[in-house]
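Here's the letter readout for the chains.
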Amino acid sequence: MKILYSQIKELVPGLKAQDGSEDKKVHEICDAFTLIGHMVDGFEKIKYQGKDDYLISLEIRQNRADCLSVIGIAYEVAAYFRLRVELLKVETKEAEGKIDIKVNTGETIKRIRALEITGAKNAESPAWLQELLKFHDINPINLLVDLSNYVMIYTGYPSHLLDKDKIKGTLFWSINDKFEQITTLDGSKIKLGKDEIILEDDKNILALAGIVGGNVAEIDLNSNHIIAEMAIYDRAKVRKNARDLVISTEASTRLEKDLDPNGIDYAMNMLCGLIEEYCPSAKIEKEFSYYPQPRKSPEIKLRPSSPSRFAGIEITPEQSVKILRDLRFEVEKSDERYIVTPPTDRMDVELEEDVVEEILRIYGFDKIPTDQVPTLEVVKDITPAIINLDEKIRDVLSAKSYDEVLSWPLTNKSVNEKVNYANWQMITTQNSVNDEFPDLRMSIATGLVNQLDQYRKKNVEFIDIFEIGKVFGKIDGKYAERESLGVLSCKNKKDLNGFKKVIEGTLRTAGLDSVSYKKSAKVPENANPHSCWDIVADEQNIGIIYKFRSTDPKEHIYFAEINLGKALDLIKISDVKSVFELKEKIITLDANVELLRQNPKVSSRSGGSKTPPSGVEINKDESIENYLAKIKQKIDPKHLWNIRIVDKFAIDGAMRYTVRASYLELSDQQAKKLHLETFGLS
Amino acid sequence: MEKDLITELNSDLEKVSNPDDLKRIYDKYLGKEGLIKSELKKLKGLSPEERRIKGPQIQSLQAKAQELFDKAQQDTMQKKTEKTLEEQRESLDESVPKVGHLHPITQTVRMLNRVFESMGYSVMEGPEIETDEYCFKRLNVPENHPARDMQDTIYIQEPNILLRTQASSVEARILESYKPPFKVVVPGRVYRNEKVNKSNHFIFHHYQGVVVLERTNLKDLFGTFTHLFKQMYGEDVIVRFRNKYYPEVEPGVGLDMQCFNCKGQGCALCKNIGWIEMGGAGMVHPKALEMAGIDRSKWMAFAFALGLDRWVMARYEITDIRTLLGGNLAYKTDKNENTL
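So the sequence lines, in the order shown, correspond to chains A and B.
Counting from -6, one number per residue, gives the positions in the first sequence under the working numbering.
Counting from 8, one number per residue, gives the positions in the second sequence under the working numbering.
Just so you know, these hints were derived from the structure itself, not from any lab.
You may find that some hints are simply not true.
[As the list claims (entries may be wrong)] Okay, derived cross-link-like pairs now, EDC-like style, lysine to aspartate or glutamate, Cα gap no bigger than 20 angstroms in a straight line:
#1 Lys512/A / Glu532/A
#2 Lys385/A / Glu56/B
#3 Lys305/B / Glu532/A
[What the hints assert, rightly or not] Just some of the chain B residues that point at chain A, by a computed CB distance under 10 angstroms:
#4 Leu47
#5 Leu50
#6 Gly52
#7 Glu57
#8 Ser125
#9 Ser206
#10 His212
#11 Leu225
#12 Gly261
#13 Asp263
#14 Cys269
#15 Cys274
#16 Ala337
For every residue, glycine included, the Cβ atom is placed at its ideal position computed from N, Cα and C.
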């Protein structure tokens, strides 16, 4: 909203510079605007009608349709500076005849007032009017149209003028169900849907109500028999129509907010008064009025203590009442409370909190102390564990020389298909801003691969990157999202096991101890199928680790992804204490495990003395990692220091592993007994 | 004789190259069958007078020989140690280790978290796929409300399933799920259907907070944010609190910081206003509290939302918002590479 300083002064004549410096006064007013809720986002010293003036650009509060007008702004200034507003005096305009208008729109129209005027000889606008409109970014058209726009700027109420001689038969306000297109006043052709509020006659569509006029009954320089109408609609309907048709006009901007239907009277009287003034032969012949439910202001109860309670400082009831009266609110005392009635144009004030805000913004936010940190009130910490897990993983990976990146969660189907390995369906947005990326990512790999490409293009070396973020999919028709960790490393030599150690070390530091691997159930397209494993913990699949397909033998790209929610569940149920008091020596015993295609054999030795092997059967498809995971589960955690593979070699078509188990707080005999029992050797 | 033996011993010791040589020499001179022992044995055949003269001479010879031997043994051990150390010698190479980095958004979130945690806040998170109810309705933004003009939404299933336009959706969930009192901050990614350019992105980051206590007010809110701004930008920072409309709060507050570039004089960065808008806040709207089942007569609440990307760009002198997510963000491989 733009406004001239002279326009404010015209309505608030008491607004005078104390020391004669207009410049200083204007800046003071601008500061006040910003403080009370209408931020000044532009300021320019200009000349209007040959005199020094200031053009102020304001970001009007979204719920203050009344302030999209000179009058509304003037009331704000007057309340802040405790001055009076003197509105332009207008006469009430009435006519005995009735215009033939029918309203077929149900409850979407709150009020219509229309006047039929003859002898309104059109012409070019006077220079002052043309100059003023340009300051408000409105192109001058002709006298009648320009006066209509002037009234809109002054009062906030858009009006629509129609050339009566171009109207065929009766005027109707309807919900469109037959017109497919309208040609607007500037010649644009707009394709219509089927539920716009329109103004039509017996033959033609005349306007998109509340948004833009059509060219059929357009006012031109030959017009002198006109109908002037002002209407207030259901703002949601205007907004929907304007958005659906992608139109934004001065009228729609105002009418898609809450404008007071009562204000139409002053605005219409002002418009007709100006037409009469500039077209001396003009005569109001007929009128039409539709106002099924006249608006009344609410009566709001205000506790005298409420302003102080919200502000945290003492504001006396007397100060509150004075401010409210300056804002034109009626205030009456009733028992221990005030009954506050806002003026009807203050559509935004409905509740006690709204009234409190009015008091505080005029009292001044700048009077509330800002240097008092609240006294620490201890409340329960409800931080979920996932927040701490994310933070820990970020620390560990950055300590392992990995860089964190953040990427777009939106991608496309072809990228998703290359990286997805989960059993869920892709989610597509209906209106993504970018047609190339309408789908939600199903794996963090989408962003990391993009980052990898960017780094390679820009010759960035040492690409070790990770991201923690959401991945998305649909499961059984329901939308799902998971907190996911993706890690990518690009090397110039084979280093899968180095990468594995980074991932495993990160998980172990986070508290997930029992990690194993098995061939992936679902290999993503991007992965080398020979180097792709599911990451398993406590027999649950928590992620994937794989090597990228690559045609460049010098490039080795490794990727791993962890479902952090799932990992967290396992960390939470793990009750292994990592700190203990070492009272006895640690006893280390080895076991040789032969992983046959059919049956593995296990033999044991201690201190180098071998005992005869005895066979133990495990699932033939089971990996050594899974086998060890099961072995670990058999041992009381308080007696297990660690268990690991220390050697492996092929023998007679089978794989032989030397597994070393170290036991805590046990005698030699107890440790040996446990070892033999655990590995099935006794 | 004594001189000859010592000269011979010295000569032998000079030739020692390993511990075996030493043992051989010991046996030759000081061993049970050694030259000095045999001289001692000869004393038995001498007269008392001769023994009185010869005895001390041989004992002196033995002590002298033992002394020479001990020194030679010490020298040999030292040489051996030095040889071992030489063999185990390692050198520092000149390679520079790579340093890992956290994303500037993460770093900024952490700084904010630390400040708020010191004031007793918890840190929360919530879903990015949201329902219309939690993203709008429960925050007092009914259907077709003008406030939605500010938020062009990316829908998954219009009108009910969407990508959250604000982290306040988590606030709505917290208000519903937790019993007051609580103090919570929520860092999170949000989505709006905006064209991507240097200043705007369809994905950005919010830092949301909500406080529900038996007694809290705007003075607490202002004090909290002045403290936060000072922690983040130093004691000299100038903060402004102004009235602003947000449907989720009443009264609403705009949080501004005096432009660090022009010190309030007006420049391109602050669009000649002298202030930079850093976020919005206010007392939680009574309808939002009512919808969450929180007794307004007992509890008071304030909420705030910061546009994180702006904080990060100012802090790291990033001029294009696309850098934060678009692949152009890079880190120096080693911050200390010039000091090694």
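Hints and how they fare:
{"no.": "1", "hint": "Lys512/A / Glu532/A", "in the structure": "holds (13 angstroms)"}
{"no.": "2", "hint": "Lys385/A / Glu56/B", "in the structure": "violated (90 angstroms)"}
{"no.": "3", "hint": "Lys305/B / Glu532/A", "in the structure": "violated (49 angstroms)"}
{"no.": "4", "hint": "Leu47", "in the structure": "violated (49 angstroms)"}
{"no.": "5", "hint": "Leu50", "in the structure": "violated (54 angstroms)"}
{"no.": "6", "hint": "Gly52", "in the structure": "violated (57 angstroms)"}
{"no.": "7", "hint": "Glu57", "in the structure": "violated (62 angstroms)"}
{"no.": "8", "hint": "Ser125", "in the structure": "holds (9 angstroms)"}
{"no.": "9", "hint": "Ser206", "in the structure": "violated (15 angstroms)"}
{"no.": "10", "hint": "His212", "in the structure": "holds (9 angstroms)"}
{"no.": "11", "hint": "Leu225", "in the structure": "holds (5 angstroms)"}
{"no.": "12", "hint": "Gly261", "in the structure": "holds (7 angstroms)"}
{"no.": "13", "hint": "Asp263", "in the structure": "holds (9 angstroms)"}
{"no.": "14", "hint": "Cys269", "in the structure": "violated (15 angstroms)"}
{"no.": "15", "hint": "Cys274", "in the structure": "violated (14 angstroms)"}
{"no.": "16", "hint": "Ala337", "in the structure": "holds (6 angstroms)"}
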